[in-house]
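Participant: Heads up: the sequence lines are chains A and B, in that order.
Residue numbering for the first sequence follows the numbering used here, beginning at 11 and increasing consecutively.
Residue numbering for the second sequence follows the numbering used here, beginning at 11 and increasing consecutively.
There could be a bad hint or two in this list.
All copies of an identical chain are treated as equivalent in the list; a pair is satisfied when it fits inside any one copy or across any two copies.
[Said to hold, decoys possible] Each computed BS3-like pair below joins lysine-lysine, with the alpha-carbon atoms no more than 30 Å apart: (1) LYS188 with LYS116; (2) LYS377 with LYS401; (3) LYS377 with LYS188; (4) LYS401 with LYS116; (5) LYS377 with LYS116.
Think of the hints as simulated: they come from the structure by calculation, not from any bench.
Protein chains: 2
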Amino acid sequence: MRLEVINTGTELLLGNTVNTHLAFLGATLLPLGLRIGRQLTIPDGDIIGDAVRETVGRAEIVIVTGGLGPTSDDITRELIAELLGMRLELNVEVEEAIRVLLWRRKREMNEATRRQAMVPAGAQVLANAWGTAPGLYLPPGPVASAGGALSPHLFLLPGPPRELHPMVQEVMLPVLRKICEGRTVIRGMKNFRLANMGESQVAAAVEEDILALGGVELGYCARAGEVVVRVLGTPAQLAAAESILAAAFPQHYFTAQDHPLEFTVVDLLMRMGQTVATAESCTGGFIAHRMTNVPGCSAIFPRGLVTYANEAKTELLGVPAELIAQHGAVSAEVCGAMAAGCLASAGTDHALSVTGIAGPGGGSEAKPVGTVFVGLASRGREPVVEPHLFKVERETFKQLASQVALDLLRRRLSRMI
Amino acid sequence: MRLEVINTGTELLLGNTVNTHLAFLGATLLPLGLRIGRQLTIPDGDIIGDAVRETVGRAEIVIVTGGLGPTSDDITRELIAELLGMRLELNVEVEEAIRVLLWRRKREMNEATRRQAMVPAGAQVLANAWGTAPGLYLPPGPVASAGGALSPHLFLLPGPPRELHPMVQEVMLPVLRKICEGRTVIRGMKNFRLANMGESQVAAAVEEDILALGGVELGYCARAGEVVVRVLGTPAQLAAAESILAAAFPQHYFTAQDHPLEFTVVDLLMRMGQTVATAESCTGGFIAHRMTNVPGCSAIFPRGLVTYANEAKTELLGVPAELIAQHGAVSAEVCGAMAAGCLASAGTDHALSVTGIAGPGGGSEAKPVGTVFVGLASRGREPVVEPHLFKVERETFKQLASQVALDLLRRRLSRMI
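So that you can see chain A by itself, here it is in the shape it has in the complex (with noise of 0.2 Å):
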C-alpha cells in the first residue's frame, strides 16, 4: 500500500531538532510489508491541509506527527478536521485521562491542555498513556476540495518521540496491521555492518556476485566507522548475500543485526564469559556511554575510567608520571600503560585504552589534531596499540576513535588478531 509520511514542526525546518519520527516509522513499519514512499516536513500552521490534500489519490495511508500539543502552534487537528469537514467534539474519556495525567505530575488542567481533549466526530481516538495529546485515525472520507475523491487512512501522532514511540507500537500499530491484513507483500530486509571499510572498497568487491543472486534489491550506506551494506529479498537470498559479504571482508563483516559495534562485542563477551573494564581519555566516557547501552552489560562491564588529567593517569591507571613526561600523554607508549594499568586495577579480562588529540584546540606539528592511539590489554595475549589519525570535528572523532577501539577488541574476542 502507497504510503506517506507529514512531519509538522517549525523547529525541524529551522534546524532546532533533527528529524527522528521518519527513521523510526521506517524500521517499525517494515515488518508490516509498508515502505514509506514519501517524507514530507512542513513548518506548523496552516499549510498541514495543503500538504495532506496532496496526498489524496496518491497515498493510501498517510501518517502526520506533530501539532497535536497544547501550545497557540500545535493545529494540526483542527485544520484536519476542516479540511475532512468533521466537527470538533469534547471526549470526556480523553479529558479524564488528561486530568489524570496531569494531576500525577502535580500540574492543574487549563484551557491549553483542555484543548486536546477535543476529537472530530467519526476520529477513532488513539490513547496516550504518555503525555496529554492523544492520537487520532481518521478512515478515508471525501475530501470536497480535492473534487470528492477519498482521503488516505490518516493518522494523527503526537511529536514528542517519548510519546510517539509507545503510541505506535502499542496503538497504532494493531489498527494499522488490520488495514493492511492481505494488502502487502512482506520482504526481508538485512542490513548487513562491516567495521571501518570505505562504501566503493565494498561495492567494488561484492555487488556483481549480491545482484547475481536474482531480484534482490542493494543499497549502500556510509557511516563513521562502517559501511552498512542493505539487501531486501527473499530469506533464501539474504543468507547467500550474507554468506558473500562475510567471504570477502572475514575481519571487517560484525553483523547482520540492526545495532551498532557495541552489541556485538557486549554479547561476544556475554557468550565467552569474559569481562572488559576502560580506560579512556579523549574519547571521554564515550566507548563507556556505547557499551552501557547495551542492555544487561553489567554482567561484563564493571567499570570504567574517564582519565583527562595526567594525574588520574597516574593515580588511578598506575601510569608512571616519567613516562608521560618522557612521551607525551598522546603516545603509543602511554596508551599501552593506560591498557596495562587498568587491566590490573580492574581484574577484568580485557582492557580498553584511548589517549589522543580530539581539538579544535591541543595539537602540535609531531601529534596533530585528530591524532589517536588505542590500546588493548588481555590476560595472556599479547597486549597491541593501534594509531590512527581520523582529521574530523570533535563529535566524529570520538566516534570513530570509539570504533576502533571496540573494533579492537571484537577482533581479539574473534581470535583474529
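Chain A is already provided as a structure; the job is to place chain B on it using the hints.
Facilitator: For chain B alone, kept in the frame of chain A given last:
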C-alpha cells in the same frame, strides 16, 4: 527567497539512518535570512527527476542531498542532468582530486569512483576536500517538461554528513550568499532553554507577555529534560522575551545559546575556576561523554568514574560494602557516599553521582525500573541527593538522569542550592 530541500536516500525511509541534514541545513542557512519552506525525502532512484520538477515555479533555491557517490544506487547527477537537458562531461580536475584522495587512503581508482568526475556541462563544481564525490551548483535554466519554466538555483550535495557539513560551510555558502544578496530579510532568532520543565507550563506563564511584544514569532519544543522556546524578532524583542522568561523561571532558564546544558555547566565552571569529577552507575559514562563534548573541558573535568559493579563503587569511591548491603546500590545513602567518595579521591571542587535502574531488567516493587538518585558533593557546602523516577526506555532514561544531575550542578554553581 523560497527554499526547499530534497533528501534522497532509501536508507532514510527504511529507517536505517536518521536524517540529520535537514537540521544542519536549517540552522546554517538561517543567518543568511533563508528559511526552509518544505523538505522532502525520497528513495534512491529515478523519482529525483519528478521531485525536482515539482519545485519548478514554486521554489527559487533547491538543495538536493545524496546520490552522488560511487555505487549503483547513486544516480542523482545523471537524472538531474537529463531533466535539465545538460550533457555530462569528464572533469579532469575533479578526476585528479579523486585520484589524490584515494591515493591518500591507499585505494585505487576504479570505474565506479571515476564516474564521480562526470559533471553536467554548465554546472559549477563545488570542490569536495573531504570525500570523492564533488558537489554541483546548477544555475536556473529552462525545463522542457515544465513548459519551459525556469528551474530553481539547484545545489547537489553529497550524502555523508562529514563531507556535506564542511562543504556547505566552506564552498556552498559563499555561492549562496551572492544569490541572496539584497533579496532576503535577516531576522533574529533565539532558542531559550529551560531545564526540567513542561511545555504547557512554560507557555501558560509567558506566551501572552511575549506575544504582546508584537510581530514576534513564537514556538515551543519539548525535549527530554528541557523545553526550548523559540522566538523570532528584532534584537530588542529577543532581549525583552529573554527577560520575560528569566523572570518567570529564574531557577529553570539556563541559556539563549544554541547548546545543551553541559555547555552552560562547563562555562560556569571555567569562569569560576572550579572543577568537577563524576561517579556514574546507571548513566554509564553518559555524563562524562556530555561534559567532554565541550571543547576545552579538560581544564575543569580531570576525571570520571563509571562504577557499574558494587566492587568498583567500594574500591574506587570508598563506598562501604556494608552500606550497599544494607540499603542496596540504588539508594539515597549509596548515592551520597558515591559523591562524597568521588570528591575526596578526585580532589575536585564538586563531584556528581548517579545510581539507578535503567532497565529493562533489574527492577523490584520497592524500586521499579526508572528509579534514580542523583547526588552532589561540594567543598564546604551541604551535600544534596535527589530521588527521581523516569519510566521511559533505556536511552531516554540516561538522557533524563544525566540532565537532572547536570542541572543540580548548574543550580549549585548559580547559588540556587
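Participant: Please name the hints from earlier in the document that this structure breaks, with their numbers sorted from lowest to highest.
Facilitator: As far as the earlier hints go, 1 and 3 are violated by this structure, in ascending order.
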